[in-house]
Structure formats: C-alpha cells, structure tokens
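Single-letter residue listing:
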Amino acid sequence: MTQLILEDQHGETTMVNMGPQHPSTHGVINLRLLLQGEVIAKIDPIVGFLHRSIEKLGEMTPYPGFLPYTDRVDYLSAMFGNQVYCMAVEELLGVEVPRRAEYLRVIACELNRIISHLIAVGTMAMDLGAFTPFLHAIRERETVNDFMERICGARINYSYMRIGGVPRDLEPGLDKDILKFLDRFEKFIPEFNRLITGNEIFVRRLIDLAVIPAADAISCGLSGPNLRSSGVDYDLRRDRPYSAYPEFEFRVVTGEGYRGQTGDCYARYWVRIDEMLESAKIVRQALLGLPEGDVKAKVPRKITPPKGEVYSAVESSRGEMGCYLVSDGGEQPLRVRFRTGSFTAMTVLPKIVPGLMVADLTAFFGSLDVVAPEIDR
Amino acid sequence: MKELFFELSQSWQLEPLEMTGAIALWLVVVSAIVLSFVATFAGVTSWVERRVAGRMMSRIGPNRVGPQGFLQWMADGLKCFLKEDVIPNEVDKPLFRFAPYLVFTGTFAAFAALPFGYGIVAADLNIGIFYVTAITALVVIGILMAGWSSNNKWSLLGGVRSAAQIVSYEIPSGLAILSVVVLAGTLNLQAIIAGQGGFPWDWYIFNNPFTLMAFFIFFASILAEGNRTPFDLPEAESELVAGYLTEYSGMRFVFFFFGEWANLWVMSALITTLFLGGWQIPGVADLAGVVAGVQGAAKTLWILLSVVVFFAKTLVLVFVVIWIRWTLPRLRVDQLMVMCWKYFVPFGFLCMMGSALFVLIAQSPLGETVHLVVRLALTGLGGLVLLLFVRRTILNVRELQDPFYFKVLE
Amino acid sequence: MSSTVFDYFTNIRNAFTSIFHGLAVTFSYLFRKPTTIQYPDRIDTPVQQMLPPLFRGILEVDVGLCIGCNLCEKTCPLGCLRTAVVRDPETNQRYITRFDVDISKCMVCGLCSENCPTGAVRHSTEFEASTANMVNLVIRYVKPGERIPVHKPVKGEESPGLPQNEPIARAHKEWDEPPPVDPDQVRGRVRWKNDGAPEEEQSS
Amino acid sequence: MTLLTAIGLSDIAFFIFALLIIGCGAVVAFSRNIVHSGFALMGTFAGVAGLYALAFAQFIAAVQIMVYVGGVLVVILFAIMMTREIGRAESSNPAVGRFPAVLLGVVIGAVLVFIALQFPWTINPSTDFDPTVNDLGDALLSRFLIPFEVLSLLLLAVLVGAVMLVKKEIKALPPEEKSS
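Residue numbers (my numbering), protein chains in the order written: chain A, 1 to 377; chain B, 1 to 410; chain C, 1 to 204; chain D, 1 to 180.
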C-alpha cells in the first residue's frame, strides 16, 4: 500500500513475507513484516493477488447478467452481494419488491450471516491452533448450506436474488426444518463456547490484544462487527433500514469488554458469536411471520434503467457492503463499484499491528475476519 | 533379559574375542527390537491419532487403506520414503541432512532406559530417569539445527522457539520428577515403580497433594518438551507455516515425525512410571517376590501381565495426549514462558518441598494413618472428578439431542 | 497487590475448569455419529438423488422442447450456450442445428433455465463432470449434421417441459463418450467456429 | 559387568569416543562456518560424556549431556545465531593468523605433554559398579555445601542479570519504527 520495500535500517530486523501462501492469511494476501525477534516492527499489507476485475466485468454485462458475479465479491456471504446489487438496480428502476420477497431475502441473508460468522469464529480458533472448533462450526454450517441449497439451489454461490424479488418461493416444509435447526443451533453455541470461547488459553490469547479504539475504528472506516466490537453502536439494518429489517426485533451487538477491553480481539470474536444468535432470532421471526403474496415484482426482461446513479448499502457479515451504480440509460451499467468491509479492515493493520508478535498477528488478522477476494474484487 | 543373556553366554564358554562379538551382536539385536517397536508404535499411533481426531471433529478419519484404514500409516510411510528428497539450494546441506537423525536419536536413545514391564528394559540404568531427561536434550540441538540449516526465516523462528521452550521446561519437569524421586529415594525407573502399588491410592500421583500437583506440572512440561499442543509453537502451522519442518520432505520429514510419535510414547511411559504405578498389577503387593517364587511358564505369564498393565496405562495416556492436542488452542511464546517461570517453577519447588515434608510425616508415629487417609481422600477426589466428567460428557450429547452412537469403527 | 494474587489463582482455576469443559466436549463427540458422508462409494443412495430438486447442477437440455427462441444464449452472462437455427425455405419449418453447452464456462447461476419459456434448458442434479480433456466439457445436444425441428407449444396447453420444482433425472452424460478429438482443439481453448457446426443463418 | 572390562569392547568404545572428540574438535577449530563450529561442539561434548560413561561415572555423563549439550551449547548457538553479521555464515569464522595459532598450539601442547608425563598414571581395576549418585549427593550437601551454595548464588545472579539484559533490549525498540 504505502511503500513496497521495507528498509532494514539497523540490521537488527528481519523482513519476512507472510503470504501470499500462508496458512493464516485467509486467502492470497501478502503481509510484509519487519520483525525484531518475534515482535513486528512494521507491517505492509500488499493486496491485489486475487483481483478478478469484477467491477470492470459489470460494465460489460447486462444488468441481470451481472448478478452471478456479485456472488464472487465475497464468496462466504454471497447473498449480501446479491442483495446490494439488486437493491441498487431496483432503486434505479423504481421497482417495489413484494413483501414476501423481502422476507425471503432477510431469511436468506441472515442464514448467510450465520454461515459466514461460523467460518469466521472457526477459522479464528484454527489460527490459534485449535482445529476441532473449526470443524464443529463447519458441521453446523453444512446444515445451513443444505438449507441454502433447498432455498436457492446452490451451496456457496447462491445467485438467489433477482432484480425485483427472488426467483421462487420456499420449498414446502423447509420452514419447519429451519426452525428445528435454529432450536439446535441455539444449543450448539453454548457447547461451542464451552469448547473454545471460554477456554482460558483462548481467552488469554485474545483479550487486551490489538485494541482498536472507537475513534480509530471510525477513522479507518471499519464497519460491521469490527466496528461494533469497538463499542460503536452502528448497524445499517437498524440505522439505515432497508428490506424488511424494520419489522423485526433484534439487538445490535456491540463489544462491551465481556472479558478484557472493548475493541480487543476477544470482543470482535464475541460480537460474532452473539450476532449469530441474533441472526437466528431474526430468521425465526421472519419464518413465523412470513406474509403471503408474490415473490417477484414484474420487471421487463430487458432492463434499461433511466440515467442516474445510486448507492445502496447492506449490513454484510463483514461490514457495510455498498454498491455504487451509474446508469447511462443503456443495457449495461456505466460504472459498478463495490464498497466492502474487508478492504477497509486492511487499512487498520499498519496502525495496530506494530508492537504485536507474529502469533498475535494471526489472531488479530483472524479476528478482523478478512476474506481475500473481497479485498480485491 | 540381560542376565539371561549373560547366563547363556557363559554356558557357551566363548573366547574373549567371540564374547566381544556376542556383546556387539546383542546390542544390535536389542536396538533392532526397540527400533522396530518404536517404528510400529509411531506408525500405528499416527493412524490412531487421525482416527481419534476425526471422531472428535465429527468426521471419520482415514478408513480406506486396509481394514478400517489401518494400513494408512504404511501407505504414508511408503509414500514418504519413495518421495524425492528435496533439498533446497541455499540450505546448509550437511546440517540439513543431519538434523532429522539427531532428533530421532535423541528420542530413540531414551527408549534404552524406559521400562516396558517387570524386568523388561533394554538397559536398567541406576540413573534411569536422569538419563532420559538428559538424552532428550539432543532433540533440542536437532531442532535448532533443522531450523538454522533450512535457511528459512520461519524455520529459524521455529527452531529458536523450540530451543527456548525445551530448555525452559526442563526445569519444571525436573522439579516434578524430583518430588517423586524424593519419595522413591532412587533414580532407577524400575525401583521407582517398585516403590508404588497396584491400586490408585498406592500410586505416587495420589500419594500426597504435592505429587498430584507435580503430576500436572510434569504432564504439562513434558507436553511442552515434546512440542505437543498446546505447546506446539515450534511447528505452529498458522503462524510459522510448519516451523522448523517447513523445508523438509520425504524421508527426512518422516524421521522428524518418527521422533515426534516416539516421543509420545516416551512421555506417556515416563508419566506412567513416575506417577501411575508403572507395571504394578492391582492386588499383587510384591511382584518381584511373586516372580522370583515361580518358574517357567508362570514366570513368563506374570511378566507378560505386568507388560500388559504397563502398556494399558501408557496407551491411555497416549490417548489423553492426543485428546488434549485436538481440544486446546496454542499458547503464545511469552505466555509459554510466563506459564513456565511464574506458575510451574514456583509450584514445582513447592511440590518438591512438600513431598519431602510428606516423607517426614509418613515416618512419624501417627504418620502412617494420616498418609493413608490423605491417599484415599485424593483418590476419592480423582474419582469424583472422573464422575463429574462422565456426567458432563453425557449432558453434552443430550443437550444437542444427538443420539448416542457407540460404534467405534465406521 | 491482593488483586494480582487473586488473579494468579483465578487464572489457575479458570485454566482447569475451561480445559475440563473443553475436554468433555471433544470426548462427547466420540459417542456421536460422524457426519461424514462417504461420497462417492459408501453411501446408500447416490448423492445426485439426495440433492434437493432445486439443485443447480450441470445444464441439461431437452432439445425436443426447444422452440429456438435463443433466449438462453442471450441471457447467459458468459456465453456458454450456443444455438443455431436454420429455416427450410420450402416448408418454412425451422430446425435446430446446434445446441452446445460449454460446461467449463458455466457458473450455474440459473439465469438461462429461468428464462427458458418451455423448460427445455434446465439444471440437472448431475455435478460430476471431471474429464481429462476440456473438449469433453462441451456437450452437444444436437449432433453435427443433425436437424431437429423446433418445438411448437400448443396454445393454452401446459408445456410438457419440467418446471423448476420437480426432480430431474440424471443429465445426459455425454462426457462419458468423448467426441473425436480434433488435435487443433486439444491444445488451446475450445474454438466455437472450427467445430464443424453449420454456420448458415446463425441467429445470434 | 566383569565381561565389559575383560574384553576389548570398552577399548573400542574408548577409541570411538576419542576419535569423535578429536574430530569434532578439529571441525570446531578449522571450520570456516561458525555455525558448523557450534554444532560440532556437540560432538565433542557427547564424546566426553561417552568417556565419563566408560569410566562408570554415569551420573556425570548424564550431567555432561544435559548441561553442556542441552544447556550451554544451546546458549552458545543462540549467541551465534543472534550475531549481526551471521548472514554471511560461510566465512564467519576467520582465523586470527597462522603464527599466533602455531605458537599457542605449541605452548599448550607442551604443557599438556608435560603434565601427562608427570602425572602418576595408575590403572584402577574398578570392576565394581557402584552408583555414584549417592556419594555425589552426600559430598555436595556435606563437604562441599558452601561452594555449592555459593555457586548457586552466582547462577542466580547470572539469571537475574540475563533477565535485566533482555528487558533492556525490548525497551530499546526504536520508536520511529513502532509508529508506521
């Protein structure tokens, strides 16, 4: 980002490349570290190894055809990419999405949030050397993936939403299965906590580590769980309501220094654990209060929105995911731009990391829950 | 065994030169026996570890090669032996080549003094336990050598971490050993076992509160010395890629892993010997007397029984070590040192002093009864914890409404 | 000072209790059924049949239902479908002369199958398509030289094509019998123009 | 145990160990690579331990391995590896010069030969194989108690000093590098 070559001024430091192939960089990121012993004196995150020019592709693809690409922005929470893009186009077109479709979107999104956070907490445990919690999380995730498969036909790259709603209704009987899973899931989290969250070694590794003060978090543009764990009570679902979220009751989880301080790695971890339970609550409310009606608004086959620009944002599992869309009245957007939480999370690294140890860096990096493709897009 | 050999050789009436040859041959044979045992154990344990880990993670583990995947370790070993031995260009070649053997030697040499049963030991050294702790120091040098010679920064970090860790943790483990040695009054491993009894309250772990403490200290420190989780920082895969193992492949990698799994046996056998009564058969107060009293097949049977008891205890401990590995996260380097110097070392001293105190108490007139009460109480405490544990386990299964499933093999 | 001494012993207690709980959790998993599905050979029913009907697998085309509208080709963001229709000038009957699906490009988004008016293009539950040669991933539903008359749906009658919500049988496994390999095609990517398909009246 | 001494096996072992000591010592002295020298030191220490074992001083042999190989050598290697110019390890062990080396060698050799000739060598037929641990323990805690305790105090001082040194180094982290 800043300077690519770290200077070894005193001959006391070692330059180490962490990545692009490293087990705990969660994808293809290169972190150049300047080490003094095991203490990091300087960090230089180098991104761009996973650039797939999705934004450029958007300018070359018709509006409906770009939808599958939005899955790939953040492959762990593809639903939010879908949603933010659909919301942007719908706003351009001025289409009203049916209420049932909004509910279905919320259900899918919140299930996706559970999936994504399960991976986040699991990989974080794995970064700290505990392998089993990861697979326990994966086990629950597979169950949710099965539901996703039944909702939209795919397990990872959902391509579920369409401009104007969702393509199809819930399969009969699926809502009961999901409710049954939620009952189990709410018991699984305490077990998971007993296994890893409450583990003294785990707690000691994380508390008071890499504290991001609220001011820093805001100035670095952090969003989502990373921001909330610093004590900033900000959630797009509540503060900039979209979709059907105003109709549900849920708590915005903020880091409160349950152990250690607000804004440390443990707070970030804990916010995710709590948010999963909140998501489960939302899914439950949505399933029980599912309104009747259409699932897709009438949209012309050939979508040519009027000239204009629009920015839509959703609360993705990695923070605010925004989509900025400029239309010139043609079949293809003039400009597509995604704002993602992982990219801004990377900016906090040079500020916080110097002074930490290598082992802390993996924990900190895990707690930021960065997904490499989302950084580069 | 050795006595048997000398009796035999004397009955053959060999010439001095032939005798030298015979002794050399004997050494080779013993080494071969121990080596084949170590190799088999390391292999089978690698399979067991993967199966156990699999079940703990709600998956199955290797089950395709041979019956239940039992031959997986052979397949893996064969694969590694047939693989190209990659030596990167810029490594320090002589050291890089030599390091795995050093690590393996360090662990393997420890087997010379380890007991396997009553009278079954390759070399019954009178400084047994001290020899074992000393000879495993070679492992440090090997790891340091591997870390340095790999010419890789991650490897070097791993090697340095490992050296610092092993050297530090030798102190608490030594103190914990001393608290047992104070009770036993000997360094000889067979004699330490002979000082215990068959039942749990006769074991040194429940001998007094201090040895109970020493047991935990010893367990943790020996895990740290063997680089097992939660102390596996030298090869922490999420931080240091693979630590000092990063550049190794093929046969040399296998040697490191041989060492690691052999070390698993060494640590379990040591704990069994020092704290869990070794080969003492419950209900047999004086095994030495019993064995001396019988002849022929009965003698062999008794010795075999002691071997079975020893193996059972050791294998349970091996399971525990594996189980801990797949449960706990890893400590950080500074926490590791804090744990050693601020927790283990002071408590280790306390254990040593306390044990010495208890020896004095037990010698006093009323001491015998007090000691018995303490032993029984501690054993009861251990049993209680075990019961609580079983209850917690059952509750864990019930809470998620998973059906109980007792099939071991899948 | 007293608090630090208190902390010191609290740490020890916490360590013991949390490790106890952690060990209990992992131990309890020894008495639960593993969730592994031993794909592909040690399962009772093939995975293809366990998948939900909505599953988006490899594209399957029932050329008999195709009305030659070319919508699928237009909606596909990647251009992995290629169709060609010729019109017989005498009988005015339109024929499908080409319907190729390039599985290697497809990202199974489901846009084509959704837009297909008759359900001729749909997703099967088939997903095993690994092959040694990328050429094999081009599935040709109309053999070169073959001409299939387009489907003419009767007004008011429900299309016999399968709607999305019903289970579909396994797709044609064309890749089991690889087409004769053209040495020119093996090296690089599949070239659409050189594969011998008739190029007259290409309707795209 | 009589067998071991009666037959030449211990002689063979002695020569093996002696060769190990001398060979490794030569590597320590002549190697151009200081890390190689450090690791070769291990062979020397191990060989000495072997000689102790041959002399039936098992405890001392084990102590030799534990303290020198497991402790001192590790510290030496640490010191070597933390040296600044260690990047050029191939030529990191420069000789001071031929002449001083020869001079020093001759002087030390002369002294050693002189001592060897002067010392009244006797062969002790120590066929009995008493454990040395008890005697050592008794001696350390009775006759040599004061030197023993003084030594331990010294070691404690060394320990504290080392901790202080390390502490200083961490504080010396250059502040301009801490702030990115």
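No wet-lab data here; the hints were simulated from the structure. Careful, some of the hints might be misleading.
[Claimed, not checked] Derived lysine-lysine pairs resembling DSS-like cross-links, with alpha carbons at most 27 angstroms apart:
no. : chain 1 : residue 1 : chain 2 : residue 2
1   : B       : Lys407    : A       : Lys351
2   : A       : Lys302    : C       : Lys105
3   : A       : Lys176    : C       : Lys74
4   : A       : Lys302    : A       : Lys176
5   : A       : Lys56     : C       : Lys105
6   : C       : Lys105    : A       : Lys180
7   : A       : Lys187    : B       : Lys407
We went through each hint and held it up to the structure:
no., hint, result
1, Lys407(B) - Lys351(A), "violated, 52 angstroms"
2, Lys302(A) - Lys105(C), "holds, 23 angstroms"
3, Lys176(A) - Lys74(C), "violated, 38 angstroms"
4, Lys302(A) - Lys176(A), "violated, 37 angstroms"
5, Lys56(A) - Lys105(C), "holds, 19 angstroms"
6, Lys105(C) - Lys180(A), "violated, 38 angstroms"
7, Lys187(A) - Lys407(B), "holds, 25 angstroms"
Violation of the numbered hints given earlier is confined to hints 1, 3, 4 and 6; the remaining hints are satisfied by the structure.
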